[in-house]
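Let the sequences and hints guide you as you build the complete structure.
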Amino acid sequence: MIRIRVSDAPLNVAAETVALDGLGGGAVATFTGLVRSDDGVDELLLEHYPGATEAALEKLAWEAVERWTLVGAIVVHRVGAMKPGEPIVFVAACAAHRAPALEACSFLIDRLKTDAPFWKREVRGGEARWVGQRSSDRDAADKWAKPN
Amino acid sequence: MIRIRVSDAPLNVAAETVALDGLGGGAVATFTGLVRSDDGVDELLLEHYPGATEAALEKLAWEAVERWTLVGAIVVHRVGAMKPGEPIVFVAACAAHRAPALEACSFLIDRLKTDAPFWKREVRGGEARWVGQRSSDRDAADKWAKPN
Amino acid sequence: MVDVVYFAWVREGVGKAQESVDPPAEVVTVADLIDWLGHEVLRDKTRLRAAVDQLFVPLDAPIAGAREVAIFPPVTGG
Amino acid sequence: MVDVVYFAWVREGVGKAQESVDPPAEVVTVADLIDWLGHEVLRDKTRLRAAVDQLFVPLDAPIAGAREVAIFPPVTGG
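Protein chains in written order, with my numbering: chain A, 1 to 148; chain B, 149 to 296; chain G, 297 to 374; chain L, 375 to 452.
Calculated from the structure, these hints are not laboratory results.
The structure presented is a predicted model; accordingly, all values stated were derived computationally and were not measured.
Certain hints may be false.
[Said to hold, decoys possible] No farther apart than 25 Å at their CA atoms in a straight line, the calculated lysine to aspartate or glutamate pairs in the DMTMM-like style are these:
1) L:390 <-> A:8
2) B:231 <-> A:21
3) L:390 <-> A:139
4) A:59 <-> L:434
5) B:291 <-> A:54
6) G:312 <-> B:202
7) L:419 <-> A:47
8) B:207 <-> G:364
9) G:341 <-> B:290
10) L:419 <-> A:122
11) G:341 <-> B:156
12) G:312 <-> B:275
13) B:231 <-> A:122
14) B:207 <-> G:356
15) B:207 <-> B:156
16) G:312 <-> B:270
Following this line, the structure appears as structure tokens:
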């Protein structure tokens, strides 16, 4: 079971998780990214590349399902304007046992940060600024590269 | 924020997660363990050591909070009788960034498996059998030992 | 007097969840207590774990002053 | 004709989200296309990433037959 969604509607984590009920897996790992409120951001604006985004997320989810033999994977990403404390992204992996579920969940969020066409703009005191890519995000994504 | 609960009431994952709202962290990682239905188990019975259980879970949660500078940690464990598909255990870690949240979440579930006094009994076709400890669980818990 | 509490198949094997006992002075450690209690199900100590006053301890831990000693199999929660 | 689409500060710098162009035959790669387009904001190609027909590609990838080429900064989602 794969579920992908990109939407400008508020992300309801509890409602998303329901999709994993009844799949028979013994382990569900999830990650939720929220707009932090600790650095003076008043609003976060998320732009994306419609069509390419969904394709990238679907490719990512299938890769996780195959690599960790998941029974379910969810990737939901918010776009548009959002406030501190609101969820931006939710990923979940359901597997028979906990190690593959936890690993696949980390993989999904690490690789989403580098593989999916989203761009963040932060608004502070009325001024908008595009967020730059972090080298730590590239390193986190690179660690999932398979040996040849 | 630390929240510990041991209860024979059904575990509501969505309701538990609400406790992490508004803490200001940018990352929430969760793990839910469910009664698997893939191996003919009709019912799972969970016995625990009242008092000692709560103390062990609280110690574990504080250890995670200190080691990964979490803003919140939740450990909820079901006891008593439960059916396939029902959640047994829910752990969650909320941090400023994703790496500490994901790591702390793995730590909580790995160490819970060896450090908290719970015992599982599986009922198959009317016959109850105590579940033995897995060496893989000991290995998973040991990997979190800090170097001296 | 010390309360000894049992869990899981140890409890079933002993046939009770709790007993209050008054061991002699030569019973110093949890392992000594297990031997002195003499229950058949406690014979293979490699299969047993213990807590003294609700803290997990190795079987060679002393029981002096303990109010409660728990004897149980390796844990299997989560 | 190929549709060129821009995102984030690249879109802002170019001043439009999309343009349809008809590059000459010597424009072979995405990098060639970027040079040929001549927008000031596209000058530092180390800051740019690209997709051809919605698939991420390196800047030396060919654009022959492409219907849509996207030019944008490194991604920052999640």
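Hint by hint, here is what the structure shows:
1. L:390 <-> A:8: 22 Å, holds
2. B:231 <-> A:21: 13 Å, holds
3. L:390 <-> A:139: Roughly 33 Å between the alpha carbons, so the hint for residue 390 (chain L) and residue 139 (chain A) is violated.
4. A:59 <-> L:434: Holds, at roughly 23 Å.
5. B:291 <-> A:54: 37 Å, violated
6. G:312 <-> B:202: Given pair residue 312 (chain G), residue 202 (chain B) holds - Cα atoms ~23 Å apart, limit 25 Å.
7. L:419 <-> A:47: Given pair residue 419 (chain L), residue 47 (chain A) holds - Cα atoms ~21 Å apart, limit 25 Å.
8. B:207 <-> G:364: Holds: residue 207 (chain B) and residue 364 (chain G) sit about 20 Å apart, inside 25 Å.
9. G:341 <-> B:290: Roughly 22 Å separates the two Cα atoms, so the pair holds.
10. L:419 <-> A:122: Holds, because 24 Å separates the two Cα atoms, which is no more than 25 Å.
11. G:341 <-> B:156: With a Cα-Cα distance of about 31 Å, the restraint between residue 341 (chain G) and residue 156 (chain B) is violated, given a limit of 25 Å.
12. G:312 <-> B:275: 21 Å, holds
13. B:231 <-> A:122: 46 Å, violated
14. B:207 <-> G:356: With Cα atoms ~23 Å apart, residue 207 (chain B) and residue 356 (chain G) stay inside 25 Å; holds.
15. B:207 <-> B:156: It holds: about 21 Å lies between the C-alpha atoms, which stays within 25 Å.
16. G:312 <-> B:270: 21 Å, holds
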